[in-house]
Amino acid sequence: MSERFTKSAARNVFYGGSVFFFAIFVGLTAQSHWHILTTSTDVSTLTESVVRGKEVWEKNSCINCHSLLGEGAYFAPELGNVWVRYGGKDDAEAAREGLIAWMQSQPTGIEGRRQMPQFHLTDQELNDLVDFLEWTSRINTQNWPPNDAG
Amino acid sequence: MKYASQCVAYWYFTCAMVLFGVQILAGALAGTVYVLPNVLSELLPFNIIRMIHTNALIVWLLMGFFGCAYYLVPEEAERDIESPFLAYVQLGLLMFGALAAVVGYTQGVHGGREFLEQPLWIKIAIVVVALIFLYNVSMTVLKGRRTAVTNVLLLGLWGIAVFWLFAFYAPDNLSLDKVYWWYIVHLWVEGVWELVMASVLAFLMIKTTGVDREVIEKWLYAIVGLALFSGLLGTGHHYYWIGAPGYWQWIGSIFSALEIAPFFAMVIFAFKMVFKGRKDHPNRAAVLWSLGCTVGAFFGAGIWGFLHTLSFVNYYTHGTQVTAAHGHLAFFGAYVMLNLALITYAMPYLRGKAPYHQTLNILSFWIMTGAMTVMTFALTFAGAVQVHLQRVMGISYMEVQDQIAPFYWVRLGSGVLVAIAALMYLWSVFGPVGERKATGAKVAVQPAE
Ligand code: HEM
Ligand code: HEM
Ligand SMILES: [Fe+2]
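Sequence order for the protein chains is A and B.
Under our numbering, the first residue of the first sequence carries the number 1, and numbering increases by one thereafter.
Under our numbering, the first residue of the second sequence carries the number 1001, and numbering increases by one thereafter.
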């Protein structure tokens, strides 16, 4: 590096530039926060059962096997769109029953197939969980995932 | 060792290496469940094994950073640590929290956000640990000589603590939750951790090459500047598909593509300094790990990051084995290797011996990096096949996984090699050293500055 670019010049560029970019980042975060609350998620249907469903999701750490909107573990299917995969858009009742039946029938115990544990959830917890997955499937994700396979 | 209080670093490194062992063990177990899915499925489900693997990783890396700071700050500030006692209290609390978390996880006591599964009391304990630590090193630095190395290191460490506070903010709205979750995960590894990495590397270069401090510190500011200018807005590469606005596809793609620059600069920097320095440092293993760390980070974070960071690529690769490939090589190349470099450098001084077990240490370097590279390629190929079958053709997840099973065997094989290399490393660092070699250490290699 040239002699004219001194250490103190480098230091000033570092501090000044970092403050500048951090400020822009915080500003854009605020705008995104607003966008999420008003446009890309449906806050009006973010009911108490959806919130409780999110708690069930977290308490059992489904995220360390599954991904949700593409984030999490890669050991089991993506669940951001599982509601759609179960046909929830056409027949909500059937999808709900299907998902609850799935949760209740685990583990499959099939030799050589990955296993999902039995969580012994109550009816209320199961329904909350399904509400959460249904709500999640309606987030505007810029058309991700590319197809129903997730 | 110039300052007696530096010896607290020894215990930080020891505890870090214990958790390194736990991490590798859990990783090998997780890799086994992938290929033999009925193993342990009732006793210890995959999600629990995985959270032990990732949590142990993050905690031992942090513990290593703390150890690095306690080792290098006295030499930089030219005075003893403010309070060695507090440093031990801090270590005890962190280690207790870490082990309690692992035991708790096996008993089903955990939260549910990835990487942040710790129960609330442990999250709070981590804040206390951070406060003790920041007080201790900040006071040491403020009362002593201020250098660019300690400036940048402290800024990085303060940043780690500040962004950790987002662990306490989990909005009910899933999209918001994800936006702020990345404030910890991304702004750590692609922001403030890079400051720690660059400053520790600069310290290693000053010590092992004997190049003029002015030159090295100028590089340091340039590198961390590149890191933050690209890395802050680069967070956008996680905001493509979670409900955030569409403009992040542009901002995230452009700025995160630039994130390769600081990692490239670190490679140039380290190699240039080592060639420029006329000193042949007797701890060849430490120099090798230092150089290797920049190369590992360049490939793992830089190249493998760029591979899937542009939004039109990420649309297909998001959340596949491609991500796992990148996650492994990036964490390993940047932060695991950095810690192993400083430990290799510092241990002879901490134990009062001339550099020892060099051949074994260097051998462990090649086996470990080689095996991690094989693992990365296996996961990358698995990911490429997965993307094609699942994301392009639309075949269901479970069917596709059957197709890529062979790659998971390769991962397990290379993982076992990593474990063997780790044992070799531990022996080379902590193992007994014969009396014959244990002479003249203190005078041997303190370079002029
Ligand atoms: C020092 C070396 C290692 C590092 C730095 C490391 C790091 C990580 C990280 C960061 C994750 C989370 C991945 C993500 O979310 O993308 C992870 C997951 C995982 N690691 Fe490692 N790991 C290491 C060694 C190993 C070894 C030796 C194995 C054994 C084969 C292994 C097997 C796994 C598995 C199976 C997962 C779960 C992947 C999934 O979610 O499907 N790791 N590791
Ligand atoms: C040392 C620095 C880095 C580390 C330790 C690291 C680690 C990780 C990890 C563990 C994940 C998975 C997170 C999850 O569980 O969802 C991830 C994701 C990602 N990283 Fe990095 N990374 C680093 C640098 C970079 C850089 C420099 C780039 C870009 C050039 C990059 C691009 C990405 C992208 C695009 C994703 C999202 C993957 C997806 O869509 O599934 N990373 N990184
Ligand atoms: Fe990132």
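To be clear, the hints were calculated from the coordinates, so they are not data collected in a lab.
Some hints here could point you the wrong way.
Pair ranges (Cβ atoms, derived) [claimed, not checked]:
{"#": "1", "chain 1": "B", "residue 1": "1360", "chain 2": "A", "residue 2": "148", "range": "46 to 54 Å"}
{"#": "2", "chain 1": "B", "residue 1": "1366", "chain 2": "A", "residue 2": "146", "range": "21 to 29 Å"}
{"#": "3", "chain 1": "A", "residue 1": "109", "chain 2": "B", "residue 2": "1282", "range": "57 to 65 Å"}
Cβ coordinates follow ideal geometry from the N, Cα and C atoms, glycine included.
What hint numbers does the structure not satisfy? Hint 2 contradicted; others consistent.
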